[in-house]
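There are 2 protein chains.
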Amino acid sequence: MKEQGELTNQLSVFRAKKGYSQAEVAKRIGVSRQTIISLEKNKYSPSLKLAFELAHLFETGVEDIFQYNLKGEE
Amino acid sequence: MKEQGELTNQLSVFRAKKGYSQAEVAKRIGVSRQTIISLEKNKYSPSLKLAFELAHLFETGVEDIFQYNLKGEE
DNA sequence: TAAATATGTAATATATTTTTGACATTATGT
DNA sequence: ACATAATGTCAAAAATATATTACATATTTA
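As you go down the protein sequences, you meet chains S and Z in turn.
Position one of the first sequence corresponds to residue 0 (numbering that gives the first Met the number 0), numbered consecutively onward.
Position one of the second sequence corresponds to residue 0 (numbering that gives the first Met the number 0), numbered consecutively onward.
Rather than coming from a laboratory, the hints here were simulated on the basis of the structure.
Treat each hint with caution, since some may be false.
Since the list gives no way to pick one copy over another, a pair counts as held whenever it fits inside one copy or between any two copies.
As the list claims (entries may be wrong) - SDA-like, lysine to any residue: derived pairs with alpha carbons at most 25 Å apart: (1) K42 - Q3; (2) K70 - Y19; (3) K40 - A25; (4) K42 - K70; (5) K26 - A15; (6) K70 - I28; (7) K17 - L69.
Use the sequences and the hints to build the structure in full.
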């Protein structure tokens, strides 16, 4: 899709709060450790399902973990 | 990832509210019309970016358009 | 300081999303 | 009745997300 905004996330912050390792998060959610690493380093935009799973694990909302900053808006 | 929940959405409702056609939504967001059709028919879980774009277009939150129902939770 | 655990990188393979294009059907307007 | 717009289906290709494996480097802890 058209590149319209930038996705950032607070994954490592929420992970630290819970004291989980990346491997532990991966296992709990059922994805690979690489997926968690890549997400924390902002390598790509996850599926909405994965975003919901992470939000659920960290007992918060999708938009608390992930932020979307539209370009060219003020 | 592990199949843990079911994703549903209210896309057609929000689209109707704005009076947009599927093609118009597709064009505004910069994706193909097929993508919108498939999403409305719940064919797959969109990228988080696309979810944010739709939320922005409909001036609402991601979780107002998309719902994630965990299985085996009450 | 040695062992164990956590984080990171890279390459390749597989799965899923998204695009493209062609065509069918239904609804709307003239 | 005809034209046009909206919705839908299908299949194949392209793009992107995720898995897998193997190895490297930090960091923690016994």
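How the hints compare with the structure:
no.: 1; hint: K42 - Q3; in the structure: both (16 Å within a copy, 24 Å between copies)
no.: 2; hint: K70 - Y19; in the structure: between (33 Å within a copy, 23 Å between copies)
no.: 3; hint: K40 - A25; in the structure: within (15 Å within a copy, 29 Å between copies)
no.: 4; hint: K42 - K70; in the structure: within (19 Å within a copy, 29 Å between copies)
no.: 5; hint: K26 - A15; in the structure: within (16 Å within a copy, 40 Å between copies)
no.: 6; hint: K70 - I28; in the structure: between (31 Å within a copy, 13 Å between copies)
no.: 7; hint: K17 - L69; in the structure: between (30 Å within a copy, 21 Å between copies)
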